[in-house]
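Asks: Okay, here's what each chain looks like letter by letter:
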Amino acid sequence: MSTASGNALLLRKLVVIAVAMFGFGFALVPIYKKICETAGIYDLQKADRLVNTQVDTSRTLTIQFDANTRDLPWTFRPLQKSVQAHPGEMVHIVYEVTNTAAVDKLGQAIPSYGPQIAGQYVKKVECFCFARQELRGNETRQMPLQFVVDPQLPRDVSVITLSYTFFELPGGKTRGES
Amino acid sequence: MEAVHGHDHAHDHHGPTGIMKYLTTTNHKDIGSMYLWFSFSMFLLGGAMALVIRAELFQPGLQIVNPEFFNAMTTYHGLIMVFGAIMPAFVGFANWLIPMQIGAPDMAFPRMNNWSFWLLPPAALLLILAQFTPGGPAGVGWTLYPPLTIQQGMSMDLTIFAVHILGMSSIMGSINIITTVLNMRAPGMTLMKMPLFCWTWLITAYLLIAVMPVLAGAVTMLLTDRHFDTHFFNPAGGGDPVLFQHIFWFFGHPEVYIIAIPAFGVISQVIPAFARKPLFGYSSMVYATASIAILSFLVWAHHMYTVGMPVQAQLYFMFATMLIAVPTGVKVFNWVATMWKGSMTFETPMLFAIGFLFLFTIGGFTGLVLAITPVDVQLHDTYYVVAHFHYVMVAGALFSAFAGIYFWLPKWIGKMYDEGLGKLHFWLSFIFFNLAFFVQHFLGLAGMPRRIPDYSLQFTDFNMVSTIGAFGFGLSQLLFLYIILKAIRSGEKAPQRPWEGADSIEWTMLPTPAPYHSFEKPPVIR
Chain A
2 MSTASGNALL LRKLVVIAVA MFGFGFALVP IYKKICETAG IYDLQKADRL
52 VNTQVDTSRT LTIQFDANTR DLPWTFRPLQ KSVQAHPGEM VHIVYEVTNT
102 AAVDKLGQAI PSYGPQIAGQ YVKKVECFCF ARQELRGNET RQMPLQFVVD
152 PQLPRDVSVI TLSYTFFELP GGKTRGES
Chain B
61 MEAVHGHDHA HDHHGPTGIM KYLTTTNHKD IGSMYLWFSF SMFLLGGAMA
111 LVIRAELFQP GLQIVNPEFF NAMTTYHGLI MVFGAIMPAF VGFANWLIPM
161 QIGAPDMAFP RMNNWSFWLL PPAALLLILA QFTPGGPAGV GWTLYPPLTI
211 QQGMSMDLTI FAVHILGMSS IMGSINIITT VLNMRAPGMT LMKMPLFCWT
261 WLITAYLLIA VMPVLAGAVT MLLTDRHFDT HFFNPAGGGD PVLFQHIFWF
311 FGHPEVYIIA IPAFGVISQV IPAFARKPLF GYSSMVYATA SIAILSFLVW
361 AHHMYTVGMP VQAQLYFMFA TMLIAVPTGV KVFNWVATMW KGSMTFETPM
411 LFAIGFLFLF TIGGFTGLVL AITPVDVQLH DTYYVVAHFH YVMVAGALFS
461 AFAGIYFWLP KWIGKMYDEG LGKLHFWLSF IFFNLAFFVQ HFLGLAGMPR
511 RIPDYSLQFT DFNMVSTIGA FGFGLSQLLF LYIILKAIRS GEKAPQRPWE
561 GADSIEWTML PTPAPYHSFE KPPVIR
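Protein chains in written order, with this note's numbering: chain A, 2 to 179; chain B, 61 to 586.
No lab work stands behind these hints, which were simulated from the structure alone. Computed from a predicted structure; not experimentally measured. Beta carbons: idealized from backbone N, C-alpha and C, even for Gly. Some clues are possibly wrong.
Stated by the list, open to error - Some chain A residues close to chain B (C-beta under 10 Å, calculated; not the full set):
#, residue
1, Ile18
2, Ala19
3, Met22
4, Phe23
5, Ile42
6, Phe77
7, Pro79
8, Ala102
9, Tyr122
Build the full structure now, drawing on both the sequences and the hints.
Replies: Shown next as structure tokens:
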């Protein structure tokens, strides 16, 4: 084989590697998702399974609710600002959201916790954040949230702030619904 | 030994002249020189940006620039230095040296070689243009983390395209280098006889082909997130900003070694030449380089200990990172053992090589400190990290590039540089570098965050020292430019072998200066 044709052959092989690695960059997206699911990280849009729901009556937690919107003409608020509950006790809360614009809008609520560590102990059974919410023009909707605070919660945490922010989803082209 | 001395100057006078000569050249030496000049001009541009940063940080409070512009300076200083200055500099070395060191007439794909160089100036232009777009230059940091990247103005798009073009150029350059090294060696030049510089570039080129496309994918996802309603990194649409960090650092950590490994190659040639001893442990050097390259794919998440990884993952990345110290240690000890009982002289290339060895080792040790998860959680995004990576990037890659330029300049242009001025350049660079960056370790340990234009009062003294050092270091590089221009214009004629210990075939089998076409007939290597 001459050097020139040998070079051309190697060139083709190396281009294939480069193109494959470009694809690998994109393949990392589902791989990452799978790893996180397997490891139990990033399950924002999935209901938690309750294993042990023994109520720890020895302490009482204050759970505060916060609601925000970003880039959406929506008003969004919890019907109760806060509740007192024991770890292990089922808490049921209703949020109300109103689309103040005349056009249909699509939104997704993303939770955030204070203190951050509380996030892994708030076990949600039912949440409006598990799915995207589509509101017709001027529609008002009441949405449920049902959760249990795991009794394993560190003892120095006595107040949990659970905050939701609704982000706008541009028309329909969304990924990652569960 | 002037066995292969063809009609070297006849070729110079063919073909187009002036700017067209450089636009159309396919000669590895012309292209190598263009790479080196391009990278030096980018080095001055990126350096000027660094001086803006340091000038603002001379005193607490905001004096010179507004915070947005400060953030843009840290962003483009990083991008330009990594992609515009250091990487092209070593590709320039590869172009000049690989054909001469393996006994080939030129690179395997000369036209593609021309193309991979000429992609760089448009990319640089895009990065410069990004400074003047509506909405101002993007201040996101060179790591381009979303969600901030998604919220920036038009300059972000220019920057993303620049990264695409630079990546394409690197990939083409790497394909050229791999093909040249694997297919174009002279008879008898077996892989394990190659000068170590060729080995390090072979390994680096494979790294580039493996990770530059991943970066291209990551910035493409940013682009579609910005404009085409995808949600790779937007949590509202089911994406995850942390995913970007994983993809970025899957590229970013090997990138660190893409910069460092060719530098190791240069040092592995300079130290034996001035110690007048063959390189200690040649084959262990090859294996150590290869294992660093492989390990570099397995440690990326040590850049993101603070994102909230499970503790098992943190432990894995911590120990895997520390493992890299083993092959790196092999290399450092081999360099020291090469000098052991050698007949050393300390010309400028050797001074820079020893400066490299000393400072790079410090940078390596601070890297080990940062590898420890609980310590890193404290030091993450502080000036300690800035000090660490400038010790490995500047004192590592840049010093070794200086060593290489002083070392091979006589071979390239046939003239000597001014030794006295060269040594002065080394000492100024060495002293001012440490003045600029050593104190940043203390600032970081005391908690000063990076990428912030203001700081609290207790950090003032060390910041002043650092700024003085940075300006001294920057100005010293103008002396370097003067030394090179002086050598080209009026340097003394270089002897055939200016360094008696240099024994790779570009010294022993080619005349000085090197002829326009290196080996028209392959040399016979015994």
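Asks: Failing hints, ascending?
Replies: 6, 7, 8, 9
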